[in-house]
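Quick mapping for you: the protein sequence lines, in order, are chains V and X. Per the working numbering, the first sequence starts with residue 40, numbered consecutively. Per the working numbering, the second sequence starts with residue 58, numbered consecutively.
These are calculated hints, taken from the structure and not from any lab test. Since the structure is predicted, the reported quantities are computational estimates derived from the model, not experimental observations. A portion of the hints provided could be inaccurate.
Heads up, simulated DSS-like pairs for lysine-lysine below, C-alpha to C-alpha not over 30 Å straight-line [said to hold, decoys possible]:
| no. | chain 1 | residue 1 | chain 2 | residue 2 |
| --- | --- | --- | --- | --- |
| 1 | V | Lys271 | X | Lys76 |
| 2 | X | Lys76 | V | Lys263 |
| 3 | X | Lys59 | V | Lys269 |
| 4 | X | Lys59 | X | Lys76 |
| 5 | X | Lys59 | V | Lys193 |
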Amino acid sequence: MSPGFPPSGRSGDRRRAGLGHPADDGRPGAFEKASGFLLVDLDRFQGPLDLLLHLIRQQDIDIFDIPIATITDQFLAAVGQIQAGDLDGAGEFLEMAATLIRIKAQMLLPRHDEEEEEDPRAELVRRLLEYEQIREISSRLSRAEAERARRFPKGYLEFRPRGFVEDTPLESTWEEVLDAAGGMDLTHPRSRPHRITTGQVALEEKIQLILDAMEASARVEFSKLLAPWKSKMHGVITLLAGLELSRQRALTLRQARLFSELWLLRGDLEEWARSRAELVNGGLAAALREPQLDAWDSVGEDPVAAGPDPHPETPESDEEGGA
Amino acid sequence: MKVSQIVEGVLFASDAPLKAEEIARADESLDEDLVEEAIRELRSLYDESGRAFQVVELGEGYQILTRPELAPYLERFDTVPRLPRLSGPALETLAIIAYRQPIGRIEIEYIRGVGAAGVIRTLQDRGLVEVAGRSEGLGRPLLYRTTRRFLEHFGFASLEDLPRPDELPILLRERASLEELLGESPDHDRLP
Chain V
40 MSPGFPPSGR SGDRRRAGLG HPADDGRPGA FEKASGFLLV DLDRFQGPLD LLLHLIRQQD
100 IDIFDIPIAT ITDQFLAAVG QIQAGDLDGA GEFLEMAATL IRIKAQMLLP RHDEEEEEDP
160 RAELVRRLLE YEQIREISSR LSRAEAERAR RFPKGYLEFR PRGFVEDTPL ESTWEEVLDA
220 AGGMDLTHPR SRPHRITTGQ VALEEKIQLI LDAMEASARV EFSKLLAPWK SKMHGVITLL
280 AGLELSRQRA LTLRQARLFS ELWLLRGDLE EWARSRAELV NGGLAAALRE PQLDAWDSVG
340 EDPVAAGPDP HPETPESDEE GGA
Chain X
58 MKVSQIVEGV LFASDAPLKA EEIARADESL DEDLVEEAIR ELRSLYDESG RAFQVVELGE
118 GYQILTRPEL APYLERFDTV PRLPRLSGPA LETLAIIAYR QPIGRIEIEY IRGVGAAGVI
178 RTLQDRGLVE VAGRSEGLGR PLLYRTTRRF LEHFGFASLE DLPRPDELPI LLRERASLEE
238 LLGESPDHDR LP
């Protein structure tokens, strides 16, 4: 582009990258003279730092010794082309222009103590270097993205839909709302003593829970049985119920290794139901409750030996336990 | 049923990466170590027999994906899903969040020199970043972090796969706290 090229605004015919040309013909000095006529397509730049970096790198300027007056003029020339109706995003460029002018003014002031006072350009240089690095990282991300896009999954991979709550622009996060609600101290309008004692977690209840689960699936994860409850007591009683049912041969307990998931494998429930029916007259509750202590002891001694199967690694052992 | 067959079946039937511990839920005889061993087995099996797909580690899990060399053939089909590519501003914002997480909007805007609210919103909508909590600083601004989906999108197994600072041509600036950035007198001592 020649310096005399008339500014054509942001029309379709605009010449892009006008600022790059002085560097291209190796005469950075010519740049300043031409700056009044330079065209810059600000849409090409992702912000004032991008534009500044472009000016500096195109002219091979030492970033640690930026000729601030020259750069400020060039920057202002570019920003001056923002048209009145095109103020979207102009604020950021104007803010940077103000920063540059302030730095330029500070550079003109005599410095009293070279040791103490930092270079007025210091923070700007730091930001430019950091932004340059972010650009390098994002181009690496872009390459990784392109490489990843060359691999295809078996089927269509949908975006995971976001819930309604997240879609609402909230000042507070949902967790915070819940926390606040949970922490509220509600005072009763009138004092009416109403004592509620938490019921004991019933072993029978947990036995039924396990039996229901076993009916639906031949294999149940112990942790799934606990999912609806938070209290430890539920865990303890559910474990006791599992141990009890295992003792009665209604199911087998299986664990691949210490602290891994505990699985409950269905045994012969029909056989178990028959023997159970015989017990009803003799007192079912007693039959169920009595063995608690035994079960507790075995837990204390060796939690791994919960199931009767001595070969926990064998996968095809569904049948042996319950039969 | 062999362990590797179970693992292969689970991977085949899934449309997103699965963690080893998630795959292990398929059977009570499985655990993470066995699953990982089976995955190694499947990988060498696929390689030796020249399968068109591989077990790829990404997004903290494993997924069966086609080999990259097949891309030119698959891209001819409209029915093959294409991952939407991100814009420049989105990539820059993601790069900042990925390296500085958890990070607030003000700090992101300071680094890029432009407003970030809209881009962050888009990244949130696409499930690439999420709110990590709130800063202790003035106004308790929201802090953002990248998600598992971010790792999936770029084919990273974990954040460890991001380029390390020493691989980068420019030295990474030490992380500045939000307070420092918002403060009136920034610390200039670290200028190189």
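Now the hints, each set against the structure:
no.	hint	result
1	V/Lys271 with X/Lys76	28 Å, holds
2	X/Lys76 with V/Lys263	19 Å, holds
3	X/Lys59 with V/Lys269	36 Å, violated
4	X/Lys59 with X/Lys76	19 Å, holds
5	X/Lys59 with V/Lys193	23 Å, holds
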